[in-house]
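Student: Residue-level listing of the chains:
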Amino acid sequence: MEQNSTVTVRQPLILGKKSYHQISEDISRPVEGKANRLFKIVFTISALLALWGVGCFAYTIGTGIGVWGLNKTVGWAWDITNFVWWVGIGHAGTLISAILLLFRQRWRMSINRSAEAMTIFAVICAALFPVMHMGRVWVAYWVLPLPNQFGSLWVNFNSPLLWDVFAISTYFTVSLVFWYTGLIPDFATIRDRQLKPRMRKIYNILSFGWSGSAKQWSRFEEVSLVLAGLSTPLVLSVHTIVSMDFATSVIPGWHTTIFPPYFVAGAIFSGFAMVLTLLIIMRKVLGLEDYITISHIENMNKVIILTGSIVGVAYLTELFVSWYSGVEYEQYAFLNRATGPYWWSYWSMMTCNVITPQLFWFKKIRKSLIATFIISIFVNIGMWFERFVIIVTSLHRDYLPSSWTMFHPTFIDIGIFIGTIGIFFTLFLIFARTFPVIALSELKTILKATSENPKQPHH
Amino acid sequence: MSTTKKYWKGIEELQETPEFLKLQQNEFAEELPVDKFLGDENLIDTSTNRRDFLKFLGFSVTAASLAACETPVRKAIPYLNKPEEITPGVANYYASTHWDGQDFSSVLVKTREGRPIKVDGNELCMITKGGSHARVQASVLSLYDSARIAGPMKGGAEITWEAADKEIIEKLIASNSSGKSIRVLTSSVISPSIKSAFGEFALAYPNTKVTTYDSISFKAMADANLASFGKAVIPTYSFEKADYIVGINCDFLANWLSPIEHARQYAQNRKLSAEKKNMSKHVQIESALSVTGSNADKRIALKPSQLGSAIVQLYNKVTGSSLQSKSLDNKDAAIGEIAKELKAQMGKALVVCGSNDVEVQKIVIALNQYLGAYNNTINIDVVDNTRQGNEADVMSLIEEMNSGSVGALIIHGCNPVYSLPSGEKFKAALSKVGYSISFSDRADETASACSIITPDHHYLEAWTDSNPRTGHYTLGQPTIQPIFKTRQALESLLKWAGNTIDAHDYIAKIWESTVYPSTSGLTAFSEFWRKSLHDGIVTIANTDQSAIQDALAPAIDLGSSAASISATAAKASGVELVIYSKTGLGDGSQANNPWLQELPDPVSKVTWDNYVMMNLDEMKEKGFNTILGQEQKSDTVEVSLGGHSVTLPVLGQPGLPKGVIAISLGYGRTAAGKTANGVGANAAGFIQFKDGYFNYNVSGVTVSESKGKYSIAATQTHHTMMGRQIVKETTLSEYKKDAKAGNEDILYATNLKNIGKDGKASAKELNLWDSFENKNHFWNMSIDLNSCIGCGACVISCNSENNVPVVGKDEVRRSREMHWMRIDRYYSSDMNEEKAEAEGIGAIDKFLKMEVPSSDEVEVVFQPVMCQHCNHAPCETVCPVLATTHSLEGINQMTYNRCIGTRYCANNCPYKVRRFNWFRYNENAEFDFNMYEDLGKMVLNPDVTVRSRGVMEKCSMCVQRIQEGKLKSKKNSERPKDGSIKTACQQACPTNAITFGDFNDESSEVRKAWDNERKYQLLEEVGTQPSVFYLTKVRNKNATEA
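If you're matching them up, the sequences are chains H and E in order. Numbering follows the numbering used here, with no gaps: position 272 of the first sequence is 272. Numbering follows the numbering used here, with no gaps: position 740 of the second sequence is 740.
Errors might be hidden in some of the hints.
Stated by the list, open to error - Below are the DMTMM-like pairs computed for lysine to aspartate or glutamate, each with C-alpha atoms no more than 20 Å apart in a straight line: (1) E:K849 x H:E298; (2) E:K764 x H:E328; (3) E:K331 x E:E859; (4) E:K622 x E:E638; (5) E:K241 x E:D223; (6) E:K331 x E:E857; (7) E:K317 x E:D393; (8) E:K809 x E:E926; (9) E:K740 x E:D1011; (10) E:K835 x H:E298; (11) E:K709 x E:E765; (12) E:K633 x E:E859; (13) H:K367 x H:E298; (14) E:K846 x H:E328; (15) E:K82 x E:E113; (16) E:K760 x H:E328; (17) E:K326 x E:D557; (18) E:K110 x E:E638; (19) E:K846 x H:E330; (20) E:K849 x H:E330; (21) E:K485 x E:E859.
Said to hold, decoys possible - Here are the computed distance ranges between Cβ atoms for each label pair: (22) E:V61 x H:A58: 56 to 64 Å; (23) E:K709 x H:R29: 54 to 62 Å; (24) H:A58 x E:N26: 56 to 64 Å; (25) E:D928 x H:I414: 52 to 60 Å; (26) H:I414 x E:L888: 52 to 60 Å; (27) H:T351 x E:D332: 56 to 64 Å; (28) H:I414 x E:K971: 53 to 61 Å; (29) E:K849 x H:Q11: 56 to 64 Å; (30) E:N924 x H:A58: 16 to 24 Å.
To be verified - To give an idea of the interface, some chain E residues facing chain H are shown, with a C-beta separation under 7 Å as derived from the structure: (31) Q688; (32) K690; (33) R814; (34) C879; (35) W918; (36) F919; (37) R949; (38) K1015; (39) L1019; (40) V1022.
Note that these hints are calculated values from the structure, not bench results. The structure displayed is predicted, hence computed values, not measured ones. Ideal placement from N, C-alpha and C gives every residue a C-beta, glycine not left out.
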């Protein structure tokens, strides 16, 4: 009776009276069917943008970092802004797959696969920047603590940039393994449904010869749990370390102890916004409305209110602390953010990140697809500006006014950013056409518990 | 009729045997043994099969192409026979003399493997005492200027010296015999040998007359001295003896007469220590804010037309006379105040005036006489020979040329088509001269219009001598083989006069007969000559002292002078224009020098351009953009006067009165070379020739509305300190009360019980990091902000020493200049913390107003900033690959090879002194400056790495010099003596503002500076603990002015 009562209180997570077979049908359809015209158009655009970005990267490597808008005072701008933004976006996937798994949140099952895919692709985009922003990319491997023949050269374990190297590479590896582990049974399902021998072979390889034996399932569950346990600290650690790039410095506006929690909340905030942006389109295009339901979206909107409010409080705390510190440089740094030459970026950030998510207090807005989509875009923009504000407005006017200057992006700066968006969408579209975008096997486990199917009598 | 000879190849061909005729038809005379080869029965048994053949083929092709892929080898060829004095890797130093018609300096030239790479002041020289000027420092790069012509040129084509000499002598003889005059137009000649050569030339060609012309004239001063003392001379000054200095429209620290010397003297009497608690007071009365005005204790901004009246008023108020003078509106009281203070400093006062108005100069002389300046702060017996020009002669020369009576004109050391206000007229007149010869090193504006160019050596390639002032002689010797087929003007002149002696012998001869006899004569001439060459200078005590102090010159009618000044002032109408020269380019003769073009102007911090300086309020009224920024373009205006007009961007300049604009000379070259051509516009056309003098302050100028937009490239676009304790400053009276005035310890409340009193501690005591132990040496640097005048000599010296690349205007605009050291210039603001609090102004408003510099009574401070070599360096902790680390001697060192270019260190540097190589600046056609050319690269210091793109760089505290100094001492088994190692910036500084040394040496100067109460570290509160520290600036202000 207990289970029944929860079902009646909460909206079912799978709509439209599905059978196990129907679920397999629905989710395998995009993989097995042919791409429609819309897909081809969108894919072409994404691929072209990605190529454009690659071109801009190549031009940068060939000519020098000078093709960006940086200068003697502002040594990082769009590069690291984009890096932090992309890493932040990745966080939703990990949170959904790891923490929500540990908390036994069943609504995660229809979104975790694509959220994790998004994590992987976002981290790929993110990782491009710390590599690309190096003046000498060709020696980027020097940041790795490799035994070498350069003498007794070693890396600097005091440097937060080095911590980044470890944080990002660990994050990427664990996320990839976690994601792939979840995919194994689903690849097997697709394999079993495939009629073409070649595709069958490919999916067989991808599924590592999964047979679905009880032992395999038991191992699978164990590995998932272990990986979830491994990923959970990463949700907190990765962005904490990224924030330390700034927090451990001496620059007013960077030198702040609030950064780690503030960055983590911001990351989850932006990650969920990006998941929403993608899923609202995907559920429509791939016809997955029954699996990614309004209540899923509402749940995510609630996470956005929570993290958005944390971020808002963090902004205000920063302002308060800068005033309360009595440090003239801190005070000016924050005053300059709000009223200086980059006031527009600060107020864009404030509007997008603090005000707009508060609209989700209204149930109507929370449940409205269009409103959610628009707000999610706002949050994405706002979170980009947050990083821009932190990086550029802190650097451009720091201690000595003689060095104060402005940052103006060049076409290459813009091209690279747009290029990474292209890379991200290209990868995501490939994913949507070749991978099961919803965790099939996991979803099937909750079909009985939370769907519109008539309740089976309790055994 | 031409005959085609036929040569036969063999006897068969001659006899035309049938056999030969038959074989001739075949391609190969002998049958190829193909059949034999193919018919070889053993062929099938050879071990080389088809596959092997292909393998061989493949190998050969690969080997051949691999061989072609080999990286080009750059050969360093060792000396076959090592010259005795040259040891590769060890520098040689030669004394020489820099004189280009503008700046005199006895110099010491550093050469490496036979090429001069650095020019510094000669410490033995009594005039400069080792100091130097940005233009002198940069002159070594002008040696390697690819715009120099490679040999004598006629009509744009190179000819040989023999042909040139033949033609010139023919023309000169023809001209002389036709009765037409031969004229020599020269810049001031201070060389006894060239003077003598002119004499020999005139003997050979009796119709010769020499006209002297300075691009910036001092004629009025010479004439005023003539009227007052009967000597048309320029006196020399002793600023160090003056306790009260009034400078009127006179940039004596950076651009006037003998700036290196003046700067040194000036700073000497402004240095403070426990023993010397007094300093001179300096008042500057001027229109455009100059380097000198920026250093003044009090500055009064007046319109140029009011300056004459200000001097008359000052004279009246000091002497109690009542010469005719006009009121200066609200500035009369200030002049009265100065007069009162001046009178109290009889015998220790000095008034200097840069005006080229003879009446003004007469009053200044009378005032100085009254104040007892002569024989105290002014020496009329030791005269300055560097300004002998007479513009009236030049103007009459133009008329003479136009009349067609000039048969030949020789132009030496000047560029009148460019620098004369009537340059175009001169050019037109030049075409009416029978034959014109230029000694210019390039086909410049004048030379290209001459019949022939016979290029002179660069001074570093030549034997030179000079007599810059009474009793001072200098010598210069070649430091490199002539790079091009040039010939010293001295030799050319002598050759044309029929004397084929070489320059060295000639100079030695002149010296033997002139300089040598005035010495004690204890040594033989050869010994004297050897020593003079080695030292570069000879000083002969001046025994001829006249007592002019007592005799006030009654012959001068000051009343008429004052009346004339009033009349001139009354005539001024409309917008007034000040034509001045900038520290970087001066008169523009070295305009093709990229170091100088990229040197930020000390006051405006603008590079690569001249501009119209205008009052900020006036700009706002006119709707011009007042803000400098990367993407904020300035408005351009057309400034016109008479027939001359230029279009230049407008720059807001605090301290410039309304209704006045200022434009600098030296820009707008059209034929100086690729670096200078088309940069800025030439303002020489505005100079007015009136009553025999060039007038550099003109009125009635029209300034158009905005004509368009133009990007100005400045290295500093924010001008105020925003209420921060960056340059610490106090007044002399406060300093006397408490030497720590303005530098009070800042204590921070802590919860530590074992520290300070009440748990309050200074930033130094609060530490997160372990300290470095600098057991052996600990290199520190002290910069006395009271001595620094902001001139920028150190910046050029640093560029030269450390191979700092030139990046060009557009990159400077993008805030990407590469200078390792910069001189920050801050203007005072009318808003401050106290005022905001008193008036209840909110934070936002307060900071916005703080950004705006004071308009009229602006005060200026300079602060040289280079890497501070922090002992707790923020950059060192953040580098992921340990490319920047701390040395055992306290230096923050940069390992270029290890740098991967994350720029994290630059971001985390509170001083923003790190410079990133955004592009490859060497060998890159996009950066077509000296590092792109093979010739220009010869100036590079082989001891300093040329950085590649993608790496960070910054001040190394001249670590190569430290290393050299340490090795030298080690060879002598001793510790480096204090002062034996000098950084490049320190060595160049004319005011000795920079002290460098070993902190661990307790007797070192730098250690003493550390114990000075005025010592502070920049941004001490960040906890970086820099090894570079500053001494507070002290202004000598009255209690009422403070």
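Student: All hints are to be evaluated individually against the structure, with a verdict given for each.
Tutor: Right, here's what the structure says about each hint:
1. E:K849 x H:E298: Violated: K849 of chain E and E298 of chain H sit about 49 Å apart, past 20 Å.
2. E:K764 x H:E328: 19 Å, holds
3. E:K331 x E:E859: 17 Å, holds
4. E:K622 x E:E638: Within the cut-off at roughly 14 Å; holds.
5. E:K241 x E:D223: 25 Å, violated
6. E:K331 x E:E857: Answer holds: K331 of chain E to E857 of chain E is near 12 Å, not above 20 Å.
7. E:K317 x E:D393: Outside the cut-off at roughly 37 Å; violated.
8. E:K809 x E:E926: 12 Å, holds
9. E:K740 x E:D1011: Roughly 11 Å separates the two Cα atoms, so the pair holds.
10. E:K835 x H:E298: Status violated; Cα separation ~54 Å.
11. E:K709 x E:E765: Between K709 of chain E and E765 of chain E the Cα gap is close to 52 Å, so the pair fails against 20 Å, i.e. violated.
12. E:K633 x E:E859: With a Cα-Cα distance of about 26 Å, the restraint between K633 of chain E and E859 of chain E is violated, given a limit of 20 Å.
13. H:K367 x H:E298: Given pair K367 of chain H, E298 of chain H holds - Cα atoms ~6 Å apart, limit 20 Å.
14. E:K846 x H:E328: Distance ~13 Å between K846 of chain E and E328 of chain H Cα, so the pair holds.
15. E:K82 x E:E113: Holds - the C-alpha atoms of E113 of chain E and K82 of chain E are around 10 Å apart, at most 20 Å.
16. E:K760 x H:E328: Answer holds: K760 of chain E to E328 of chain H is near 19 Å, not above 20 Å.
17. E:K326 x E:D557: Status holds; Cα separation ~18 Å.
18. E:K110 x E:E638: 45 Å, violated
19. E:K846 x H:E330: With a Cα-Cα distance of about 16 Å, the restraint between K846 of chain E and E330 of chain H holds, given a limit of 20 Å.
20. E:K849 x H:E330: Holds. K849 of chain E to E330 of chain H sits at ~19 Å (cutoff 20 Å).
21. E:K485 x E:E859: 51 Å, violated
22. E:V61 x H:A58: 56 to 64 Å: For V61 of chain E and A58 of chain H the Cβ distance comes to about 31 Å; the hint is violated.
23. E:K709 x H:R29: 54 to 62 Å: 59 Å, holds
24. H:A58 x E:N26: 56 to 64 Å: 58 Å, holds
25. E:D928 x H:I414: 52 to 60 Å: Given range 52 to 60 Å: violated, Cβ gap about 28 Å.
26. H:I414 x E:L888: 52 to 60 Å: With Cβ atoms ~46 Å apart, the hint is violated.
27. H:T351 x E:D332: 56 to 64 Å: 57 Å, holds
28. H:I414 x E:K971: 53 to 61 Å: Given a distance of about 59 Å, which is inside 53 to 61 Å, the answer is holds.
29. E:K849 x H:Q11: 56 to 64 Å: 59 Å, holds
30. E:N924 x H:A58: 16 to 24 Å: Holds, at about 18 Å.
31. Q688: Constraint on Q688 of chain E not satisfied, violated at 38 Å.
32. K690: Constraint on K690 of chain E not satisfied, violated at 42 Å.
33. R814: This hint holds: R814 of chain E lies near chain H, its Cβ roughly 5 Å from the closest one there, short of 7 Å.
34. C879: 6 Å, holds
35. W918: Hint holds; W918 of chain E Cβ to chain H Cβ min 3 Å, cut 7 Å.
36. F919: 4 Å, holds
37. R949: Interface hint status for R949 of chain E: holds (5 Å vs cutoff 7 Å).
38. K1015: Violated: closest Cβ of chain H sits about 19 Å from K1015 of chain E, beyond 7 Å.
39. L1019: 6 Å, holds
40. V1022: 5 Å, holds
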